[in-house]
Structure formats: C-alpha cells, structure tokens
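Peer 1: The chain contents come next:
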Amino acid sequence: MQALLSFDQAPPFGAPARFFLTAPLFAILAGLLLLWSGPGLFASRWTPEALALTHLITVGFMLQVMLGAMLQILPVVAGANMARPRLLATLVHLAITLGALLLAAGFLGLQPLAFRLAALFLGSGVALFVGSAGHALYGVPPSRATIRGLQISLLGLSVTVALGVLLAIALDGALDLPLPRVTSIHFSWGFVGWGLVLLAAVGFVVVPMFQMTPAYPAWFTHLLPWSALALLSLWSLAEAADWPAPSALLAGALLLITATFAVLTLHLQRRSKRARFDATQHYWRVGMLCTLAACTLWLVARGLPERMAALAERLEWLCGVLLLCGGFMSVIIGMLYKIFPFLVWLHLQNLGGGRVLAPNMNKVIAGQQIKRQMRAHFLALALLLAAVIWPEWFTYPAGIALLVANGALLRNLLAAVAFYRQQRTKIAALIAAATSSDGKPSLTSHPATKAPAP
Amino acid sequence: MTPTDADIVIDARGLEPPEPMVRTMEALEHLGAEATLVLLLPREPYPLYRALEINGFSWQTARRPDGTVEILIRHQRQ
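Protein chains in written order, with my numbering: chain F, 1 to 454; chain C, 1001 to 1078.
These are calculated hints, taken from the structure and not from any lab test.
Positions of the beta carbon are idealized from the N, C-alpha and C atoms, including for glycine.
Any given hint could be a false lead.
Heads up, incomplete: computed chain F residues facing chain C, CB under 7 Å, no partners named [what the hints assert, rightly or not]:
#: 1; residue: Val76
#: 2; residue: Gly79
#: 3; residue: Trp345
With these hints in hand, go ahead and build the complete structure from the sequences.
Peer 2: Dropping the structure here:
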C-alpha cells in the first residue's frame, strides 16, 4: 500500500511557519517601543509612538499570523489549494515584514519615504496574497458559512490596506484627505471587516473542533459575514458623508454583532465536553470577555458629554488595548497553540509515509511552558490597561511584560520547530531500519507515540 | 447504506483533531477487500479525501439533517 497518510497538497512546513515565528518578534518590538518612548506614548491616540505601537501589533503581529493561518487552513476547511505556496509565502512574508517595519519607522521618524515604501510593500504583499487566495477560493461552492466568511474577510483586508495606503500617501500632504474620518473608516474595516469576520469564520470551525463544544447556530454563522459587510459599507458611506445619526445607528448595529459573537462563544464554551479548560480555551474566554468590555466602554465613551472629552479619550484607549491585546492577540495566541502543533504533526505524519505514526500532538509544546506564557500574556494585558490610566507608573512594567510574554511565545514556537526537526530525523532512521530489515515496510508506532485508545 | 450496515463504524464527532484521521487511517489499514467503513464527523474532512484518493479508496459523502457528515469508504473497484 502507498503512504497511508499523505497531505501532498498541504503547503510545506516552512510556508506558514515563517509567518507564525515572525509575529512574536513584532510584539517584542512593541514592548521595546514602550520602554524606549516611555509614558509619553499614552498622551494621545495620535502620538507617533502610539500609531507605531498599534501598527506593530496589527500589521506586525496580527496580519502575520492571520495570513500564515489562512495559507494553512484554506486546503483543510475549504479544500482550496493555493498555487506555488512556497514562493507565495516567501514573497508575501518578505513584503509584509518589510512593510510593517517601514510603517513603524515611518511613524516614529515621520519620514515620507518610509511611508511610501511601507505602502508599496504592504499593498503589493497583501494584493498578491488576496489574489492568490481569491483564485484558490474561486469556484469553491460556499456550502459553509466559513468559506463565505473567508472570502468576505479577504475583501475586508483589501479595503483596510487600500485605505491605509491612501493614508500613508496623504500623510505628507500629497493628497488632500479628511484624515481623521478616513482613519476611522480604515481601522473599522480592519477591526470588523478583516479581523472579526476572519476570526469568526475560523472560530465557527475551530471552536467546536478543538474545544469540544456544540456548533454555533447556523443562522448566526450565515448572518455574521454578510451583515458585517453590509453594515460596514453603509456605515462608511454615512461616515464619509458626515451623517451623524445614521452613522451612530449603524456603528451600534456593528457593535451588537461583535458582542453577539462574543456572548455566543462564551455560551458554547460553557457547554464544552472537556472536563478542564486548556490554554486555548482560557485564551478564547479572556478574548471574548475583553471584546465585551471593549464594546461596553465604547458605548460609554460615545455617551459622554463634550466637556468630558479627556475621559472619553482614555476610554477609547482602553477599548483599543482591550480589543488588540485582550481580544485579537489572546485568541490568536490561543489558536497558534493548536495550529502550530497540528502543523508539526501533519508534516511528521506525512514524512512517516503511513509507515511511522507521528508523535501525539500534545507533545509538541510542553503544557507547562504554554501555561507560563499564558500567564505572562495576561499580566502584560493587565499592565497595559493600567498604563493607559497611570502611564507614569505602568508604562515600563507593561513594556517589560509584553517583551517577556512574547519572548516566551517565540521560545514555545521554536521548541515546536526543534521537536519537528528531531522527530524528522528519528522517523527517517525508523523507515530506513524497517525497510532494510524485511524489505517490506509496515505501519510502525513511533516510540514517542501513545497508541490511541480503541 | 446506513451506518449499521457498514462493517466498521467510527463515530468521531466527539474527538479532537487529528484523532478522527488517525483512527480512520488505522482502521483502513485492515479493511477487507469487500468491507465498508462509515465515518461520522461534524464537518467535511477535506484532507482525508485526498489521503483516500492516494491510497486507492472510494467514498461517498452524505449530510444528515442534524449537520453530521457521513462518509462511506471502501476499496476502489479495479
């Protein structure tokens, strides 16, 4: 019999792995930026340091993991294979890594050239990825809400980056744009059209799959991507046309969808068949609670009178930290702890060619190390929130905590790579031995494998 | 064919990946020439289809009203 397990269409190990390994480096840079700039960073949402920090997390961390994960999951959940994945991964990874660095440098040095190069790299990298993913998804029947969600999130990403490119060009006065309004539309498409829609589309599959919960209600999985897209488009028009009342109403509806996703996820988690929560479940729970807190604070900030603008600004800051570090980063790290070991397992299984079974997925990263990293991340989150209110006291501890948490994340992912390399050598030796002993390979349990229960 | 008619039934609806794939491939290793295996899952297993194709198995997929995906697997007829 030929290789019993063969995922010959799965992208090579290094293709998604390079995105996952780069992401923590950007969060480490974000920690260093906090230490370098000090409490002044929190003076306003619009300080160059605050904008650089935001983009180190969104473009440097979130975009890296999300593109790597899409490369990995498109064949699995949609049966859609992207052409020449190794070349695509190399080009896109290089473009978005350079783009994110240049963007942060552009904000910090207010250099028009850095902004323009960042726009060029990010624009072309994302366009290449969206084109390739769109091509792979073309013709795939959207029988499941997840596939539709992935398609809509690619559209959301395109709009976000297109507006970002416009802003990068407009910043030095080359274009006459109403900057605050375009910025607001840019980050709303990033948060909702790209981030929420992608996270939810993936969550509809991976929450029940890895957390042993019932499925999300079918009506909601179909409703979320479409309604997010429609409401976001209408809201953008209302915002661009400066119609405050419809804009506020549509923003409220978007908030309601976001909060419903968080509440539904928390509700499903309560019905998990797993006796004890693992790190991924804790990460998701904290992520959803932070999302709900951010929605609430945003409403409060909007309801405050003009004379309390300073308080409203602090609340908006808290929303940003809750959404980025508490919501997106938590859920993304939680998913990485499933995606990365799965990637290792998948490729070892493939290398074993059905003759040697890959080690158990849970052995890829030590559980204790994952727990430690998780605690460090939650501490960093708490310190960042405190730094928004008391910058003089908490900026430096928050910077150090962010550094430590993401150093630990990088260490855990590198441990998984080391495990992969070590097992790859063992598997090659086992196959060579089995083939030379009787000339006929047979299914062999890997020494590190615990045989599955019958 | 219903699951009760199949020679082997694997109900993998409560299992965390990659356990459903591992169990199915182990069972297929010993599947008789005329025998059938039914796999029950809460989603469609695209990577499994590719593995089945490579290894000379044929399959039919059906969806139950409750969302369960039922995959009937047997050796390809020569």
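Peer 1: Of all the hints numbered above, which does this structure not satisfy? Sort the numbers upward.
Peer 2: none
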